[in-house]
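Here are the chains, one letter per residue:
Protein chains: 2
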Amino acid sequence: MTIKAYIYDAYGTLFDVHSVTEKAEFLFKGHGKEISEEWRKKQVEYFMLHQLTERYIPFSEITRNALLYTLKKLSLPCNEDALDHLMTAYLELQTYEDVHETLQQLQNSDVKQLIYSNGTNDMLQPLVKKRKLDGLLHVLSVDDIKQYKPSPAAYKYAHEELGVNRDEVLFMSSNFWDITGAASYGFKTAWINRAKLPLDLLGIKPDFEFRNLSELLEHKTKRSSQ
Amino acid sequence: MTIKAYIYDAYGTLFDVHSVTEKAEFLFKGHGKEISEEWRKKQVEYFMLHQLTERYIPFSEITRNALLYTLKKLSLPCNEDALDHLMTAYLELQTYEDVHETLQQLQNSDVKQLIYSNGTNDMLQPLVKKRKLDGLLHVLSVDDIKQYKPSPAAYKYAHEELGVNRDEVLFMSSNFWDITGAASYGFKTAWINRAKLPLDLLGIKPDFEFRNLSELLEHKTKRSSQ
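If you read the protein sequences in the order shown, they are chains C and X.
Number 143 in the UniProt record's numbering belongs to position 143 of the first sequence; there are no gaps in the numbering.
Number 85 in the UniProt record's numbering belongs to position 85 of the second sequence; there are no gaps in the numbering.
A portion of the hints provided could be inaccurate.
It does not matter which identical chain is meant; a pair holds if it fits inside one copy or across any two.
[Claimed, not checked] Derived lysine-lysine pairs resembling DSSO-like cross-links, with alpha carbons at most 27 Å apart:
1. 23 with 146
2. 129 with 29
3. 132 with 4
4. 156 with 188
5. 146 with 33
6. 205 with 72
7. 156 with 4
8. 72 with 188
9. 23 with 73
10. 188 with 4
11. 73 with 205
12. 4 with 222
13. 220 with 188
14. 132 with 112
15. 23 with 33
16. 73 with 41
17. 73 with 188
No wet-lab data here; the hints were simulated from the structure.
With the hints as extra help, turn the sequences into a complete structure.
In C-alpha cells form, the structure reads like this:
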C-alpha cells in the first residue's frame with residue numbers, strides 16, 4: 001500500500017471541540033461541561049439531519065443553532081452577547097497536544113496533506129491561522145459542494161481535489177461516523193480513537209486505529225524501515 | 001386543510017422503546033435504564049449512518065448491532081441468550097397508554113390510517129399483533145424500498161402508497177428527526193412531544209404539537225365542530 005495523501009478531519013481530530021468548556025463555564029457557572037457536550041451532540045445531529053433531508057445550510061449556522069438549542073434545553077438565559085462570545089470560541093479551539101508537531105514533521109515528506117472538514121471556510125481559516133497550522137497544510141471545506149460528510153459525495157470531492165487513487169489516501173478522523181463514510185467511499189482509514197471507545201458496529205473496520213496523531217509518525221517510520 | 005390520511009411512526013410514537021428497561025434490568029441488574037437509553041441512541045445513530053453512507057441493512061440487524069455495541073460499551077458480559085432475550089423484548093414493546101383508544105376511535109372515520117416505520121416487517125407485524133392493533137390500521141415498512149426515514153425517498157414511498165396529496169397527509173411522530181423529514185417532504189406534521197423537549201432548530205416548524213396521541217382526537221373534534 002502506497003499512501004500519497006493524508007486527509008485529516010478538523011473538529012475532534014485536530015481541534016478539541018471541548019476547549020469551549022472554559023468559556024462556557026465562565027459565562028454559565030456550573031454548566032460548562034454540559035453545554036460543551038450537548039452543543040457538540042446537537043451540532044453533529046443537525047448536520048446529519050440537514051444532509052439526510054437534503055436541505056444544506058452552512059456549518060456556521062448549524063453550530064449556532066445547536067448552541068441556541070443547548071442553552072434553551074438547559075434553561076439557561078441566552079442573549080446575543082453570550083452567543084457571539086461562545087461562537088468566537090470555535091475560532092480559537094485548542095489543537096490536541098500532539099497535532100502541531102506531527103503535522104510539522106510530515107510537512108516535507110512526499111505525502112500531500114489536507115484538512116477536510118464540514119466547517120465553513122470562515123470558521124476554518126481563522127482557526128488554522130490562530131493555531132499556526134496555516135503554513136503546514138491546505139484546508140478544504142464541504143461548503144464548496146454543499147454536501148456534508150459522511151455522504152459519498154463529500155469524500156468524492158476531496159478525492160478529486162487530490163488527484164490520487166482512492167486507496168492511496170489515508171483518511172484520519174476521531175469521529176467514527178467520518179471513518180465509516182471515508183472507508184465506504186474507498187479511502188484507507190485511520191481512526192484516531194482518542195476517547196478509547198469500542199468499535200462501532202457499522203460493517204466498517206478502519207485499516208488502523210491510533211490512540212493519537214503521533215502514532216501516525218511511528219507507523220510511518222516503521223513502514224519506511226521495512 | 002383537509003386531512004385524508006394519518007401516518008403514525010412506530011418506535012417512540014406508538015410503542016415505548018424504553019419498555020425494554022425491565023428486561024434489561026432483570027438481565028443486567030443496575031443497568032436497565034442505561035442499556036435502554038444507549039441502545040436507542042445507537043440504533044438511531046446507526047440507521048442514519050447507514051442511510052448517509054448509502055449502505056442499507058435491515059433495521060433488525062441495526063437494532064442487534066446497537067445492542068451489542070451498548071453491552072460492550074458498558075462492559076457487560078454478553079452471550080447469545082441475553083442478546084436474543086433482549087431482541088425479543090422489541091417484539092413486545094408496550095404501547096403508550098393513549099394509543100389503543102385513540103386508534104380505535106379513529107378506525108371508522110373517513111381518514112386512512114397507516115403505521116410507517118423504519119422497522120422491518122418481521123419486527124413490526126408481531127408487535128402490532130401482540131398489542132392488538134392489527135385490526136385497526138395497516139403497517140408499512142421502509143424495508144420495501146431500503147431507504148430510511150428521514151430521507152425524502154422514504155416519505156415518497158408512503159405518499160405513493162396512500163394515493164392522496166402530500167398536504168392531505170398528517171404525519172405524526174414523537175421523533176423530531178422524523179418530523180423534520182416529513183415536513184421537508186411536504187406532509188402536514190404533528191409532533192407528539194411526549195418528552196416535553198424544546199423545538200429543535202432545523203428550519204422546520206411542525207403544524208401541530210401534541211403532548212400525547214389523544215390530543216389528536218380533541219383536535220379533530222374541534223375542527224369538525226367549527
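A quick look at each hint next to the structure:
no.: 1; hint: 23 with 146; verdict: neither (30 Å within a copy, 44 Å between copies)
no.: 2; hint: 129 with 29; verdict: neither (30 Å within a copy, 51 Å between copies)
no.: 3; hint: 132 with 4; verdict: within (24 Å within a copy, 60 Å between copies)
no.: 4; hint: 156 with 188; verdict: within (14 Å within a copy, 35 Å between copies)
no.: 5; hint: 146 with 33; verdict: neither (31 Å within a copy, 39 Å between copies)
no.: 6; hint: 205 with 72; verdict: between (38 Å within a copy, 16 Å between copies)
no.: 7; hint: 156 with 4; verdict: within (16 Å within a copy, 42 Å between copies)
no.: 8; hint: 72 with 188; verdict: between (40 Å within a copy, 26 Å between copies)
no.: 9; hint: 23 with 73; verdict: within (19 Å within a copy, 30 Å between copies)
no.: 10; hint: 188 with 4; verdict: within (11 Å within a copy, 50 Å between copies)
no.: 11; hint: 73 with 205; verdict: between (35 Å within a copy, 17 Å between copies)
no.: 12; hint: 4 with 222; verdict: within (17 Å within a copy, 67 Å between copies)
no.: 13; hint: 220 with 188; verdict: within (14 Å within a copy, 55 Å between copies)
no.: 14; hint: 132 with 112; verdict: within (18 Å within a copy, 61 Å between copies)
no.: 15; hint: 23 with 33; verdict: within (10 Å within a copy, 32 Å between copies)
no.: 16; hint: 73 with 41; verdict: both (13 Å within a copy, 18 Å between copies)
no.: 17; hint: 73 with 188; verdict: between (39 Å within a copy, 25 Å between copies)
Violation of the numbered hints given earlier is confined to hints 1, 2 and 5; the remaining hints are satisfied by the structure.
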